[in-house]
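Asker: Given chain A's structure and the hints, the job is docking chain B onto it.
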Amino acid sequence: MKDIRTLKFLDKFSSLFQRAGVDYSTMRKILQVKLLMDGRRVPTVFNQGAQRKKKKADNEGNGFLKSLWMYAFFGLLTIPFIVLGDNYLFQMSIMFGFVMFIVMTSMIADFSSVLLDIRDKNILYTRPIDKKTISAAKMMHVFIYLFYLTASIVTIPLMVGLFRHGIVFFLLSIILIILMEAFILVLTALIYMLILKFFDGEKLKDIVNYVQIGLSFTIMIGYQVLGRSFEIINFHAVLTPKWWQVFIIPMWFAAPYEVALNGHFDSFYIIFSILAISVPIVAFFVYLRLVPTFEKNLQKLAVHSVAKEKKQSKFGKTIIQLVCSSKEEQAFFRFASIMMKNERDFKLKVYPSLGFAIIMPFIFLFNSLRDGGFSSISDGKGYLTIYSTMIFIPSVIMMLKFSGKYKGAWIYKTLPLGDLSPLFKGTLKAFLVRLYLPMYFIICILFVVIFGGRVIPDLILVLLISALYSVICFIILKKAIPFSESFEAVGQTESWKVFGLMIPIVIFAGLHYLSTLVGFGVYIYIVIMLIANLFLWRKSIRA
Amino acid sequence: MGEEVLSIQDLQKDYGAKKVLQGINLTVERGEIIGYIGPNGAGKSTTVKLLLGIEEGYTGEIKIFGTDISDGNIDYKRRIGYVPEIAEVYDNLTGHEYLTFIGELYGMEYDRVDYKAKSLMELFGVGEVYHSRIASYSKGMRQKLLIISSMLHNPDILFLDEPINGLDANSVMIFKEILAQLAAHGKTIFYSSHIMDVVEKISSRIILLHGGNIVADGTFAELKNQNHEGTLEEIFNELTDFHEHKDIGTRFVSVVHEV
Numbered sequence: 127m128k129d130i131r132t133l134k135f136l137d138k139f140s141s142l143f144q145r146a147g148v149d150y151s152t153m154r155k156i157l158q159v160k161l162l163m164d165g166r167r168v169p170t171v172f173n174q175g176a177q178r179k180k181k182k183a184d185n186e187g188n189g190f191l192k193s194l195w196m197y198a199f200f201g202l203l204t205i206p207f208i209v210l211g212d213n214y215l216f217q218m219s220i221m222f223g224f225v226m227f228i229v230m231t232s233m234i235a236d237f238s239s240v241l242l243d244i245r246d247k248n249i250l251y252t253r254p255i256d257k258k259t260i261s262a263a264k265m266m267h268v269f270i271y272l273f274y275l276t277a278s279i280v281t282i283p284l285m286v287g288l289f290r291h292g293i294v295f296f297l298l299s300i301i302l303i304i305l306m307e308a309f310i311l312v313l314t315a316l317i318y319m320l321i322l323k324f325f326d327g328e329k330l331k332d333i334v335n336y337v338q339i340g341l342s343f344t345i346m347i348g349y350q351v352l353g354r355s356f357e358i359i360n361f362h363a364v365l366t367p368k369w370w371q372v373f374i375i376p377m378w379f380a381a382p383y384e385v386a387l388n389g390h391f392d393s394f395y396i397i398f399s400i401l402a403i404s405v406p407i408v409a410f411f412v413y414l415r416l417v418p419t420f421e422k423n424l425q426k427l428a429v430h431s432v433a434k435e436k437k438q439s440k441f442g443k444t445i446i447q448l449v450c451s452s453k454e455e456q457a458f459f460r461f462a463s464i465m466m467k468n469e470r471d472f473k474l475k476v477y478p479s480l481g482f483a484i485i486m487p488f489i490f491l492f493n494s495l496r497d498g499g500f501s502s503i504s505d506g507k508g509y510l511t512i513y514s515t516m517i518f519i520p521s522v523i524m525m526l527k528f529s530g531k532y533k534g535a536w537i538y539k540t541l542p543l544g545d546l547s548p549l550f551k552g553t554l555k556a557f558l559v560r561l562y563l564p565m566y567f568i569i570c571i572l573f574v575v576i577f578g579g580r581v582i583p584d585l586i587l588v589l590l591i592s593a594l595y596s597v598i599c600f601i602i603l604k605k606a607i608p609f610s611e612s613f614e615a616v617g618q619t620e621s622w623k624v625f626g627l628m629i630p631i632v633i634f635a636g637l638h639y640l641s642t643l644v645g646f647g648v649y650i651y652i653v654i655m656l657i658a659n660l661f662l663w664r665k666s667i668r669a
Numbered sequence: 017m018g019e020e021v022l023s024i025q026d027l028q029k030d031y032g033a034k035k036v037l038q039g040i041n042l043t044v045e046r047g048e049i050i051g052y053i054g055p056n057g058a059g060k061s062t063t064v065k066l067l068l069g070i071e072e073g074y075t076g077e078i079k080i081f082g083t084d085i086s087d088g089n090i091d092y093k094r095r096i097g098y099v100p101e102i103a104e105v106y107d108n109l110t111g112h113e114y115l116t117f118i119g120e121l122y123g124m125e126y127d128r129v130d131y132k133a134k135s136l137m138e139l140f141g142v143g144e145v146y147h148s149r150i151a152s153y154s155k156g157m158r159q160k161l162l163i164i165s166s167m168l169h170n171p172d173i174l175f176l177d178e179p180i181n182g183l184d185a186n187s188v189m190i191f192k193e194i195l196a197q198l199a200a201h202g203k204t205i206f207y208s209s210h211i212m213d214v215v216e217k218i219s220s221r222i223i224l225l226h227g228g229n230i231v232a233d234g235t236f237a238e239l240k241n242q243n244h245e246g247t248l249e250e251i252f253n254e255l256t257d258f259h260e261h262k263d264i265g266t267r268f269v270s271v272v273h274e275v
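So the protein lines, in turn, are chains A and B.
Okay, so the first sequence: first residue is 127 according to the numbering used here, each after it adds one.
Okay, so the second sequence: first residue is 17 according to the numbering used here, each after it adds one.
With the rest of the complex left out, here is chain A (with noise of 0.2 Å):
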């Protein structure tokens, strides 16, 4: 085993921990397990796009480590609130804020896997090792994950802080980052403990999963913020002190900077000031107090409550009866849109996509609504723009042949099925209504009252074109059998291909553009869409 340096560094406190009474050797060798652990782990920043490159590459290199990059990046961000001006209140609030959302989703995203591993029961309290030295060991573990992961974010900022506005500030801000690192901490710790005492393990799981998917959606539209922060943001905004302000918490971290270096010493600052220093201590201490009933709830993890029965709708029932012919067919309806809904890879890889579909149309229409105005938008042709939501489609096509669980399709194996057409057809149209309508509606919606009534028929088309470009995208991707691939054999060409199918939305876009310029034009794209349609479901789809 590679000797980590984060351990040699460690090495020299090592009385320090044997004075506490913690066997400094074996703790030092269940961290270098840990951590080399860690780095055999694909973070949730790298999972967008081709992360499965590196693994290949080389066995040893530290995933987290890599990561870290990221976070800088991401760090960046933060450098304009500390630059400009000096109205700390407000921009140090930004800047504490950020850094909170991003280090605490980030823990719970990536870090979760740590905090909640039960095996370390059966594996390490079996072995004659006290419980002193296990808890020093997870908690120097978090600790040295939090400590690279802030100091990433932060390194830069604060260099440009310290010479902006000098030593004060540098060393107040060190301060102020210990203090909310442990407010962080404790924060998800308690959040875990109330989560497990009144749902088990499988609900956490979800939750986490969840968060995951948020931070990778954040992460997608942080590209797209990046560019444009310097104009959206008014450095010239003045916060007038109000009581509510109070659970605001980022703003406890700004308030002592008023008070040190703009020599403001209202109450609100102190009051504001005294609480970014004791609530984080007091929590601390709190924390230490409730790690045994913690541990304690994380057994709830491995214990699976009985499901109550979930009943189908009347609704659902139609619905897959509307939409698919055959039993079969119905069947593997049902089956994709359960896998869809509760296969927590997928939706990691999937979801995060989906929002930033919902998104894109208004990213374009944005951008022409600082060049025309609002009466232009309305006006306009601008509901074109849905068709960028379509561009999704294909890699998500692409994403349903694989599965975490990838090794239980030997099952399609044994059904006496003449050929796979149903279990096409039934994850096809599953993905359609499950995934794609509900995000295609709420675009509807919001068209429709940007836009008005008249666009109704241009939407109803654009759905029809929707389905049949699903069709294209499924024959020009390999025909693979849905969820019977590993995750990790995403290849290159796939991803090429997946560029490729791109053409085609801008075909039929500029089609619809054309049948817009003559009369009743639109109506005849909808018949010619919904003859197309039946043809290609029909003929097309056949193993």
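Quick caveat, the hints were computed from the structure, so don't treat them as lab data.
Every clue listed holds true.
The following label-pair restraints were derived from C-beta to C-beta distances:
id, chain 1, residue 1, chain 2, residue 2, range
1, A, Phe325, B, Asp26, 34 to 44 Å
2, B, Ile211, A, Ile517, 51 to 61 Å
3, A, Leu563, B, Glu274, 32 to 42 Å
4, A, Gly389, B, Gly73, 49 to 59 Å
5, B, Asp127, A, Ser141, 18 to 28 Å
6, B, Glu238, A, Phe325, 43 to 53 Å
7, A, Phe325, B, Arg149, 26 to 36 Å
8, B, Asp127, A, Leu416, 36 to 46 Å
9, A, Leu656, B, Asn108, 45 to 55 Å
10, B, Tyr131, A, Asp137, 25 to 35 Å
The calculated BS3-like cross-link candidates involving lysine-lysine, where the alpha carbons are at most 27 Å apart (straight line), are:
id, chain 1, residue 1, chain 2, residue 2
11, A, Lys247, A, Lys257
12, A, Lys247, A, Lys422
13, B, Lys132, A, Lys247
14, B, Lys79, A, Lys257
To give a feel for the contact side, a few chain A residues facing chain B, derived at Cβ under 10 Å:
id, residue
15, Ser151
16, Lys155
17, Ile156
18, Leu162
19, Met163
20, Arg166
21, Ile255
22, Asp256
23, Lys257
A virtual CB, placed ideally from N, CA and C, is assigned to each residue, including glycine.
Answerer: This is chain B only, laid out in the frame that chain A set:
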């Protein structure tokens, strides 16, 4: 022989209102192979978990190697090996990394553990995956790894919970031989399983747990005399008061016939 390694006095444990163990009394001597059996939920795993200190909070007294384990002294764990029922391992490590880690936790020298682990893996027919990630192991390979990890430090008591799960017949033969030899060398083995034929064959003493109580304790021959039944399976059914298997089987098949 005759040296006492484990004694349990009136052991009781409850989870809230549910009483899982209602007063277990037991003394175990060196070199015994104990078949520890009982229906699901009888309290077998709970007993073992209490002995290992994975679970806490019980009344009664547990003494291992003559010392009470409730005082927080963990030295007794150096002489215990454990194969849990669910194969929980840090499976993103390689076999080599995992086994050396575990060995080092028992205070063994790295090179020594490495040598030992490698030899044991090779002898068990899984030497070629020693440097592969555990996640890629088959069920049998994992089980062999767990068995090896429980014995690296040459323990005096072994707690084995369904240890032959997933092993092929030849490996089971090897494993049985290992147990017999270990017992001959004075090791004590706690063998917990639902496969009655194996328990019947390998155990020198059988303890049957039912509803948190010990309902039978003795050699197979003794149990046979007391219950007038032929096999351990039948004795098990008799003592846990289960006679409906024929009836349930019939009803099951009749539901299968309804298509």
